[in-house]
Amino acid sequence: NAGVTQTPKFQVLKTGQSMTLQCAQDMNHEYMSWYRQDPGMGLRLIHYSVGAGITDQGEVPNGYNVSRSTTEDFPLRLLSAAPSQTSVYFCASSPGQGLGNTIYFGEGSWLTVV
Amino acid sequence: EDQVTQSPEALRLQEGESSSLNCSYTVSGLRGLFWYRQDPGKGPEFLFTLYSAGEEKEKERLKATLTKKESFLHITAPKPEDSATYLCAVNAGNNRKLIWGLGTSLAVNP
Numbered sequence: 001n002a003g004v005t006q007t008p009k010f011q012v013l014k015t016g017q018s019m020t021l022q023c024a025q026d027m028n029h030e031y032m033s034w035y036r037q038d039p040g041m042g043l044r045l046i047h048y049s050v051g052a053g054i055t056d057q058g059e060v061p062n063g064y065n066v067s068r069s070t071t072e073d074f075p076l077r078l079l080s081a082a083p084s085q086t087s088v089y090f091c092a093s094s095p096g097q098g099l100g101n102t103i104y105f106g107e108g109s110w111l112t113v114v
Numbered sequence: 001e002d003q004v005t006q007s008p009e010a011l012r013l014q015e016g017e018s019s020s021l022n023c024s025y026t027v028s029g030l031r032g033l034f035w036y037r038q039d040p041g042k043g044p045e046f047l048f049t050l051y052s053a054g055e056e057k058e059k060e061r062l063k064a065t066l067t068k069k070e071s072f073l074h075i076t077a078p079k080p081e082d083s084a085t086y087l088c089a090v091n092a093g094n095n096r097k098l099i100w101g102l103g104t105s106l107a108v109n110p
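First to last, the protein sequences are chains S and C. For the first sequence, the numbering used here begins at 1 and goes up steadily by one. For the second sequence, the numbering used here begins at 1 and goes up steadily by one.
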């Protein structure tokens with residue numbers, strides 16, 4: 001009963017380093033997305049995917065890349081980390097993008113860029 | 001501009017003291033309003049979806065209602081385990097993305 005699994009849970013990066021946040025879901029969901037959550041800003045959509053091989057930008061995509069080679073996995077890549085990317089990142093999935101589809105969130109990944 | 005505002009920012013209740021959280025929205029063409037619960041250090045957990053004014057949904061001590069301008073999350077006789085941040089999100093217009101509020105942090109004292 002794993003649901004949406006994110007790794008790592010915590011990460012400290014130096015400015016300019018790159019890294020990948022991993023996300024996997026075992027519910028065979030078509031729709032996956034990445035959010036960041038910052039105090040006073042709420043949840044903001046970074047990138048999303050409506051199926052394997054299809055990705056699109058969300059509200060705050062700059063500095064991040066995604067790919068969706070399989071239905072299960074949706075990694076988020078930070079290309080050159082900046083202090084402004086210090087945040088909590090949530091991966092989410094749902095059966096589809098329609099309104100009736102419940103969104104399931106992972107436990108979050110806490111990223112600090114120094 | 002589409003906007004979702006939640007109030008109050010924080011609420012402290014005594015166990016058994018009922019209250020309501022508010023989610024007001026200004027959007028063009030509401031397609032759905034969602035309530036989520038978020039515990040510290042965890043991801044948001046789905047509670048309810050409301051689609052049209054007048055709709056109500058209940059789950060244990062929680063009841064969500066929707067009008068044309070706002071939604072209320074009523075908490076009846078809360079318990080300490082109801083302590084969490086409650087998030088509201090709205091989907092409107094032709095854009096399928098969600099607009100999230102900042103949440104209400106609820107603390108229920110025993």
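It is worth saying that the hints were derived from the structure and are not from the lab. Incorrect hints may have been included.
Said to hold, decoys possible - Simulated crosslink set (DSS-like; lysine-lysine; CA at most 27 Å straight-line):
# : chain 1 : residue 1 : chain 2 : residue 2
1 : C       : Lys-68    : C       : Lys-42
2 : S       : Lys-9     : C       : Lys-57
3 : C       : Lys-97    : C       : Lys-42
4 : C       : Lys-79    : C       : Lys-68
5 : C       : Lys-42    : S       : Lys-9
6 : S       : Lys-14    : C       : Lys-42
7 : C       : Lys-79    : C       : Lys-97
8 : C       : Lys-59    : C       : Lys-79
9 : C       : Lys-68    : C       : Lys-97
Report task. Quickly compare the C-alpha distance for S/Lys-9 and C/Lys-57 to 27 Å and report which way the hint goes. Result -> 34 Å, violated
Query - Satisfaction of hint between C/Lys-79 and C/Lys-59, Cα-Cα up to 27 Å - result: Holds. C/Lys-59 to C/Lys-79 sits at ~14 Å (cutoff 27 Å).
Query raised in the report: Would the pair C/Lys-79 and C/Lys-68 pass a check requiring their Cα atoms to be no farther apart than 27 Å?
Result: Given that 27 Å is the threshold and the Cα spacing comes to 30 Å, the pair is violated.
**Report entry** Agreement of S/Lys-14 and C/Lys-42 with the hint, judged by alpha carbon distance not exceeding 27 Å
**Finding:** Roughly 25 Å between the alpha carbons, so the hint for S/Lys-14 and C/Lys-42 holds.
Query - Given pair status - C/Lys-42, C/Lys-97, alpha carbons within 27 Å - result: 22 Å, holds
Query raised in the report: Going straight from one Cα to the other, do C/Lys-68 and C/Lys-97 come out at no more than 27 Å?
Result: Holds. C/Lys-68 to C/Lys-97 sits at ~20 Å (cutoff 27 Å).
Query raised in the report: Going straight from one Cα to the other, do C/Lys-79 and C/Lys-97 come out at no more than 27 Å?
Result: The given pair, whose Cα atoms are some 33 Å apart, is violated under the 27 Å limit.
**Report entry** 27 Å Cα cutoff - pair C/Lys-68, C/Lys-42
**Finding:** 31 Å, violated
Report task. Quickly compare the C-alpha distance for C/Lys-42 and S/Lys-9 to 27 Å and report which way the hint goes. Result -> Satisfied, since the Cα-Cα distance of roughly 11 Å is no more than 27 Å.
Taken one by one, the earlier hints fail for this structure at numbers 1, 2, 4, 7, listed in ascending order.
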